[in-house]
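Number of protein chains: 2
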Amino acid sequence: MRIAVVGVGLIGGSIGLAAREQVEGAEVIGVGRSRRRLERAMELGAIDRASESLEWALEGASACFACGPVGALPEQVAATLAAAPEDCVVTDVGSTKRRLVESLADERFIGGHPVAGAETSGVEHARADLFQGAVWYLTPLERSSGLLYERLHRLVVAFGARPVAIDANTHDRLLATVSHLPHVLANVLVSQAARELTRGDDPLPRVGPSFRDATRVAGASSSVWRDIYLANGQAIADEIEEAVARLTEVAGSLRAGDGAAVEAWNESAADDRRRLLEADLVGGPVHELRLTVPNRPGIVAQVALALGKADVNIVDMTLAPAADMRSGSMTLWIAGDDQAARATDLIGELGFPVG
Amino acid sequence: MRIAVVGVGLIGGSIGLAAREQVEGAEVIGVGRSRRRLERAMELGAIDRASESLEWALEGASACFACGPVGALPEQVAATLAAAPEDCVVTDVGSTKRRLVESLADERFIGGHPVAGAETSGVEHARADLFQGAVWYLTPLERSSGLLYERLHRLVVAFGARPVAIDANTHDRLLATVSHLPHVLANVLVSQAARELTRGDDPLPRVGPSFRDATRVAGASSSVWRDIYLANGQAIADEIEEAVARLTEVAGSLRAGDGAAVEAWNESAADDRRRLLEADLVGGPVHELRLTVPNRPGIVAQVALALGKADVNIVDMTLAPAADMRSGSMTLWIAGDDQAARATDLIGELGFPVG
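Protein sequence lines, in the order shown, are assigned to chains E and P. Using the numbering used here, the final residue of the first sequence is 355, and nothing's skipped along the way. Using the numbering used here, the final residue of the second sequence is 1355, and nothing's skipped along the way.
Treat the hints with care, as some may be off.
One-sided excerpt, in silico: chain P residues whose CB lies under 10 angstroms from chain E [said to hold, decoys possible]:
1. S1051
2. E1052
3. H1183
4. S1191
5. I1299
Hint data in this document are derived by calculation from the structure and do not stem from the laboratory. Every residue, glycine too, gets a C-beta built ideally from N, C-alpha and C.
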């Protein structure tokens, strides 16, 4: 099966590696404008052959993955469809879907979005297992070819991902909620806090770990995010307006000094957070373990090794140092009641009581 | 010097430990309603003596730290002032200041707020070095005794903290910006995302690492946060309203599809974030290193040990696993150009290219 990959970066490169490793008889053709980058992709084993021409690459192809940046996708996918054979499924990997899907009326096109790998970029970071266990959204329309959908679905499964068919509007609303809105709020938070820097006489704000956590994604790469914000602008604006309504209500309770309303609101957030984590993560409810440790590099190692030996895996962790950098609080997230209890015991044995 | 500590939990216990360790001739009297907890504090060396009576504890005291919960402080501080000798400085450790300071007209009272230790609670977590390098806000008024202010200042320095005198209003506005508003936004984010859980037919939202980072503080303990929200309600409402204005502007740019405005907004957030981090952290600009690693417990250890050997300290780190829990992206924050370059080399040598 010949598979074309247009744009061989982190995602395109990983698709190539996964296809070459997992799909019997796969031949992967990389398409791109940078000969250097295509050569690098070949060296890394992400593609079998390289091409600077779409037409040439798509000859005899059964599937084509358009992996360009979100803003370039409408044009890239249209060009791909123009060059692709009649029985070739064409998909993309962009993180917004509605606008792209609406712009194309072709039964060979099925929108896609693997939820993976946002933290790094470049074919150097590509890996065959990038999609292992990841959700891979697919947005078929009624006019989409069933045969081609099935082929794409099988490829996604072969890459180790979990295909989830979803309406393009729903997809964009979900992503606006869990990804784009958090980015917007992080941007607002840093800009609001930075305003204090320019006030002159006042002491500078000391941003603590909770602020750093809340703003880790602030000011994410404009080359990626400008396109995402614009492509999903209406859904993001909807989410912002809902957030504004919620915020206005909270501000009202605070101005009125309504303790019962404030407490009910905070409790329902605690409940919502728990439900989200439970829905999101397999392996049982996730436990959050908080401990205070000296901020020596060795401590992270010590804790990680102790849990590793006992086969307790750390779902997520943060180490937030105190201002002196000599101590800090470590938060570990462990999935499953038994694992969490085991972790609590082990960490206690190391001399760090879990709070 | 006799020092009374009213409420011997994480902060009160750490004050006791620090005073007994760092202040020559200090005798620390713990005051509280729970005899069990006072006995525990004595076992842990946090206090020399315990008392259930304020009057008895304050006899001959030179300084008193009121360490009750924010909501109980006005009453606790008033009672303390009533019982305290004429030359005793009385302070508190609450994370909001304006309301408390306004309610008390006594030259012996100086508001305080050590910025430390929010992640755990209880005297079990108390440590003598909790305040090492931490900012300790002090909110003297014009009527405050200079002599007593000097005494408190020296104690705070002896505890290893950095006293920062600040107007109570400014303090509350700063904290509203860098701590309380992030909590409010985290609550709003989780509740908005959880709404999707109840929509029925739609796929569940997959919350990724950026969502988890942004909402780590959501639904924080109501027993602590209800009081904070109420005590600083006006300043928090001000910050919320400013955030609402910023959000409304962004929503407008998105609805209009104004790419230039969206990009300028995102770029200024990136710039603001960089400025905040540089202002906040000593040791030079903070570099963010992103790498992809297998999600084996041993990997964190391997990276931490390699950096530890080279004396590169990790300011902050997160490990965000991919959906399959088999791999993940690790983000390390390293202060200083040289240290960051060294870290990049070392991590590269381990086989994990830094993105």
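*Contradicted hints - numbers only*: 1, 2
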